[in-house]
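First to last, the protein sequences are chains A and B. Sequence positions in the first sequence follow the working numbering and run 1319 to 1694. Sequence positions in the second sequence follow the working numbering and run 1319 to 1694.
Hints were generated in silico from the structure; no laboratory data involved. All clues stand as given, with none of them false.
The list treats identical chains as one, so a pair stands whether inside a single copy or across any two.
Pairs of lysine to aspartate or glutamate, DMTMM-like flavour, derived with a Cα cap of 20 Å:
1) 1365 x 1401
2) 1396 x 1619
3) 1396 x 1628
2 protein chains.
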Amino acid sequence: MFKILCTEHNARRGEFQTPHGTVQTPAFMNVATSAAIKGGVSAFDLKELKCQIMLCNTYHLHIRPGDSLIKQLGGLHKFTGWDGPILTDSGGFQVFSLAPLRKIEEEGVTFSSHVDGKRIFMGPEESMQIQSNLGSTIAMAFDECVENPASYDYTKKSSERTIRWLYRCKAEIDRLNSLEDTLNRQQLLFGINQGSIYEDLRIENMKQISKLDLPGYAIGGLAVGEPAEVMYRIIDAVIPYMPENKPRYLMGVGTPANILEAVDRGIDIFDCVMPSRNARHGHLFTSVGIINLNNKKYESDTGPIDPNCDCPTCQNHSRAYLRHLLKSGELLFLRLSVMHNLYFYNTLMERIRFHLENNTFKRFKAENIEVLSRRI
Amino acid sequence: MFKILCTEHNARRGEFQTPHGTVQTPAFMNVATSAAIKGGVSAFDLKELKCQIMLCNTYHLHIRPGDSLIKQLGGLHKFTGWDGPILTDSGGFQVFSLAPLRKIEEEGVTFSSHVDGKRIFMGPEESMQIQSNLGSTIAMAFDECVENPASYDYTKKSSERTIRWLYRCKAEIDRLNSLEDTLNRQQLLFGINQGSIYEDLRIENMKQISKLDLPGYAIGGLAVGEPAEVMYRIIDAVIPYMPENKPRYLMGVGTPANILEAVDRGIDIFDCVMPSRNARHGHLFTSVGIINLNNKKYESDTGPIDPNCDCPTCQNHSRAYLRHLLKSGELLFLRLSVMHNLYFYNTLMERIRFHLENNTFKRFKAENIEVLSRRI
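For reference, chain A alone in the conformation it holds in the complex (with noise of 0.2 Å):
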């Protein structure tokens, strides 16, 4: 299902199959939370943007419109339109950081819904049923999301919870996958190291879980606050036991910086909500940093926001006129702006994946790991 295409040191150009179409990698998932992009993109705007895998929250789903209501209509493919792989989390990270008054225990969690504040259980079987409920292509195992810092002794023991829970998430999709009225019966799970920002506890983790031989690993539980060193370090403490026959996905990161240093150690797939989030902020991606659009300089400019990009945003439309409806406070601001910086990102890994076919990327790296990131 994951055939690396070739490698360049740590980094892996790879095709990931699913049952939704085809994941050229290394890939940016596209974050659509409530089953639609923040800023007014819809799930056809994101063919247009290059978007390869869309990524719905789990928790935000089940609350509302409520998951059984998304089964009874078809699945989130039919919900949404988006036709192709569609990745769901498990609702712990939300769980964890959205959720008050949570009560957690062997067998799940207990909390606070943060829209009527009904209380909730969620364990690894009810994340299992939801993310079976939505048919998404992939669903992600059911964890716990520790925060940052947290002692050792509290990590090893929800890090071996987690172990637990993974088993238990897989014998539920298991038995999911193999009743009739179930959507997509080929749903894939992946697994979740955890073990905070100590190596021994991720190493340790990771070897469990591996056993269980998943069609694909992430790295849960970083860019939670840590410095972007101790991230860079975790990474090369667990990748050298991550299966290398399976896809790698590293949640929630990150900069432009972050995902070039990522890859470089050998990850495959990201989510993160930066571009949207700075977006809404006048925060830009170009080819030569980081524009913001609040800056008066740009009241006049009649240039795209990035010369060098095809977007529909910089084909249509200047900066002065974005820095006007930033101004204004249109909503089509955001609109243009997060189209701006999705198709930034996942241009960016097109250009990554160029790179790695032609043994260039660490070239590639180089050259612009600073550009990418820094503010101008």
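Please arrange chain B on chain A, whose structure you already have, making use of the hints.
What follows is chain B alone, placed relative to chain A:
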């Protein structure tokens, strides 16, 4: 410049040639207040929505980003990316409805900006200068749109002043169009009929302003709170005094029923924020009436908003998905619903034109006037 292709009683099927393209009438102008359609719709989307002519607001653009800047950037067409006809209102309506602490004198109006409170003066000359800077296809005369209700005496005084202002507008636009550095030296001026709900004042005003032989005339100051029957009565009174060979524009109107009634009386052009405002509240126009997506019954409705609609929203998305976006506060809802409602209005005009050509407008009106405006 305005050619009547055929008529059915008082209703007219016409062609209005402008320096930026021909408008098939009856036509509905799509409102882009601050040089952007509300809800995240761009000038390029408007083409797909069968929009023929865009309306921008002089008052808003004068205050932000400033008409001098827009002139420096090449005018509204370059600024927005819309290359078809653009009508700018005069700023009068907004000065009288939005700006606090206004003071009306013969010379013009002093008011406070709704953005930063700055004192601003606008008279007929200033309004023409601003609209000339914006480079719109059609400039509207600077008028006082009296509130409803207004006394006969005040209306008479105001209406006479508005006529004097129109003469000053005409002199100023002629002067501006003769200058070499004017963006659009063929800018057209439309006069505006005022006189509140008083037939004799309306008629006297229309008689006076028609003498100027302007390229078009509008009826202003209606749809400001008076009953629809009063509006129709005023249109009936004024129409016989409007030049037959010039386009007639009914400002700020209205519901599908209002439009059918006004076309029947001889109106050619309309504008209204109703399609976008209704969309924002979840009220969507269909061929069988207005549906309210807040209604729980649409939660699992897999059909499109309107099975008879070819708009991008109806071609791609279900009522269930749109309702989910509405309930989740996703901006994508605004975009998709505004696009649908604008397309509905633009294609309603297309149907009206078709029936006028086939001499079946009266029957079309009778069969649809209640259906299209009813809430189902």
